[in-house]
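Using the sequences and the hints given, assemble the complete structure.
If you're matching them up, the sequences are chains X and F in order. With positions in the first sequence counted from 1, the corresponding number in the numbering used here is that position plus 1340. With positions in the second sequence counted from 1, the corresponding number in the numbering used here is that position plus 607.
No lab work stands behind these hints: they were computed from the structure. Do not rely on the hints blindly, as some may be mistaken.
Claimed, not checked - Covered, in the sense of this in silico footprint (three residues per stretch, anywhere, with C-beta under 8 Å from a C-beta of chain X), are these stretches of chain F:
1) 626 to 635
2) 840 to 849
3) 864 to 875
Unchecked claim - Estimated spans, in silico, between C-beta atoms of each pair:
4) VAL1529(X) x SER859(F): 34 to 42 Å
5) ASP1602(X) x SER859(F): 43 to 51 Å
6) VAL755(F) x ASP1401(X): 43 to 51 Å
7) ARG1467(X) x VAL684(F): 52 to 60 Å
8) TYR772(F) x ASP1401(X): 48 to 56 Å
9) ASP1428(X) x ALA779(F): 55 to 63 Å
10) VAL755(F) x LEU1416(X): 29 to 37 Å
11) ASP1485(X) x PRO793(F): 52 to 60 Å
12) ALA746(F) x ASP1619(X): 37 to 45 Å
13) ALA1403(X) x LEU625(F): 44 to 52 Å
14) LEU640(F) x ASP1485(X): 58 to 66 Å
From the three backbone atoms N, C-alpha and C, an ideal C-beta is built for every residue, glycine too.
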Amino acid sequence: MTAVPALAVEDLSVEFRTRSGVVKALEHVSFAVGKGETLAIVGESGSGKSVTAYALMGILDPAGRITAGRAVLGGLDLISASASQLADVRGREIAMIFQNPRTALNPIRPVGRQIADVLMRHGNVPRVEAPARAVDLLRAVGITDPARRAKAYPFEMSGGMCQRVMIAIALAARPALLIADEPTTGLDVTTQAVIMDIIAELAGESGMATIFITHDLALAGQRADRVVVMHAGHVVENAATRALIARPSHPYTAELIAATPDSAASLDALASIPGSLPDLRRADLPPCRYSERCPRKVERCDAPLPRPALAEHFVACWNPL
Amino acid sequence: MTRRERAAVATLILKRLLMAVPSLIGVVIVTFLLTRALPGDPAAYFAGPAASKEAVEEVRVKLGLDKSLPEQFVRYVRDLARGDLGTSLTTGQPVVSEIRTRLPASAELTLLGLIVSMGVAVPLGILAATRPGSLIDHACRVVATAGVSLPVFFTGLILVYVFYYLLGWAPAPLGRLDIFFSAPPPVTGFYLMDSLIAGNGELFLASLNQLVLPALTLGIFSLAPIARMTRASMLAVLSSDFVRTARASGLSPFTITVTYAFRNAMLPVVTTLGMVFSFLLGANVLVEKVFAWPGIGSFAVEALIASDFAPVQGFVLTMAVMYVALNLMIDVLYGLIDPRVRIDA
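Below is the structure:
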């Protein structure tokens, strides 16, 4: 990790107010990602991966509220920044690509125009040059015949093609940080690999930091420098990829690895993790939100967890492996 | 739009026109049967209460009502093909010429009412959707509910009372023009346009003056469906994935709301506009009565009361053609707004 990280998140907490109570979606989430580094956030559905990304982007649902924390990107705290500061940063310094690329693009606007919109907003590109620059970007993400494709609508393109367009939109303003929220979900396997290669290649060229959100630990293991494991709105483990895969410290991480298929093991040998995520609306949530599913629970687990300091290998557990 | 897309829109128009033919044939048959099924004997009605049985029969023969239904139908279709909709028994005027003056009167009023309504309802719906739960959202709901709950004749009378009787700002509610003016030479039948074509500014203002109150009345009534549909449709689009992408890309709120969200939200709004327009065109009899507007709705109602079947037939047929034309326009608008519709055609 470089001395000054591209993004440092400290103590981020988010709540959602719903009819049936307050959902404590994120609690004391901390991690950092260095320039040119790829960080994977891994966890099952509902663990708070996407909420973390939305909170950083400032595009949380109106019911969501950031109750605490800092997220410093290039000297600016995204959490306390004003709306206009944030509007300038969004898309320019920090960009995001989403899952379901087909619905993430405006269905009635040619894709070239959508890229040009972002260029004109952020890239200091004059109106007359924007269409040509959009074609350049389409070429950069590996779309053949980009001049013709720029005039196409999303429904005329395949899912993988749409995700390339999303990448072109996200990278239009050469951001310092790219958040990719399950970018390959819903794409076929060969396309997945191509999309990941494009992201890695473009990130490598510009020294851009990447946060890659996935529920696929195997994919994270192949693509990321560091892995942050999330469970029920907590960061349970944060370590360099190789160390995490080889020697997981948190019981949940160990279970996740055991539940990840690989070509050597048969499907029968796959373990499933017992229990499910706790209801985050409960008033009596234990300090460790995994303790109710945990086979290694000890008495001390009822004490407040160690705070996620930015350690080299952090684990939020009183009885680690 | 590319050349391929323009061709697609042209195909779409042609297809819809062809599809309208069967419905028009159906309308011709149904209107014919319906008017024959009207209660009352037109022959007896027009011979007058004092007429003898022979006199009634004479009228019946004169009207062709003694013939069998199929025979009457053949004659009706033959006349239709010549552009003859028959003659009104009450006024003695050919129905075609009556409709030719009255339809533009209704259309002009309805269009202006709809423009007024759109001008208020669409921005209101957009603002309400971008700030759900805010003051403007509640205001939108109150205005819309009030507008649709007040009967049009009531709104009309209140407007006349306040702006004509109390304030004296509006002219007397006596039709399309003050009696001191004479109608412009008919080109479109819309007084506003015809007076401009004739280069008569004074006449333009005079007819505009007459239009303001009835158009407002209609506008207030049609606020509700347009505002609510705009709000609902905008809310749905604003929570969609591509608006989230636009937000994450840092596009300006104006671009997001107008270029990204509203264009996508327009389809249901256009549909509603079409429905409201066709509903108002035939159904604003009450407004026409309050403002003594020589429109097509009051014409049809008077004919219906008098068992005067030729104008009723003509009215229903005209409205059917208007519906078909309107639906065609909506389809074309769809094609212009949404590229997916163009390709499906």
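Results of checking the hints against the structure:
1. 626 to 635: violated (count 0)
2. 840 to 849: Per the Cβ count (3), the hint holds.
3. 864 to 875: holds (count 4)
4. VAL1529(X) x SER859(F): 34 to 42 Å: holds, 38 Å
5. ASP1602(X) x SER859(F): 43 to 51 Å: Because 47 Å falls inside the window, the suggested range holds.
6. VAL755(F) x ASP1401(X): 43 to 51 Å: The hint (43 to 51 Å, Cβ to Cβ) is violated, given that VAL755(F) and ASP1401(X) are roughly 32 Å apart.
7. ARG1467(X) x VAL684(F): 52 to 60 Å: For VAL684(F) against ARG1467(X), whose Cβ atoms are near 59 Å apart, the range 52 to 60 Å holds.
8. TYR772(F) x ASP1401(X): 48 to 56 Å: holds, 52 Å
9. ASP1428(X) x ALA779(F): 55 to 63 Å: Since the Cβ atoms of ASP1428(X) and ALA779(F) sit about 59 Å apart, the hinted range of 55 to 63 Å holds.
10. VAL755(F) x LEU1416(X): 29 to 37 Å: Since the Cβ atoms of VAL755(F) and LEU1416(X) sit about 49 Å apart, the hinted range of 29 to 37 Å is violated.
11. ASP1485(X) x PRO793(F): 52 to 60 Å: holds, 55 Å
12. ALA746(F) x ASP1619(X): 37 to 45 Å: Between ALA746(F) and ASP1619(X), where Cβ atoms are some 38 Å apart, the hint holds.
13. ALA1403(X) x LEU625(F): 44 to 52 Å: Hint holds: Cβ distance 50 Å, inside 44 to 52 Å.
14. LEU640(F) x ASP1485(X): 58 to 66 Å: Between LEU640(F) and ASP1485(X), where Cβ atoms are some 59 Å apart, the hint holds.
Violated hints, in rising order: 1, 6 and 10; the structure is consistent with all others.
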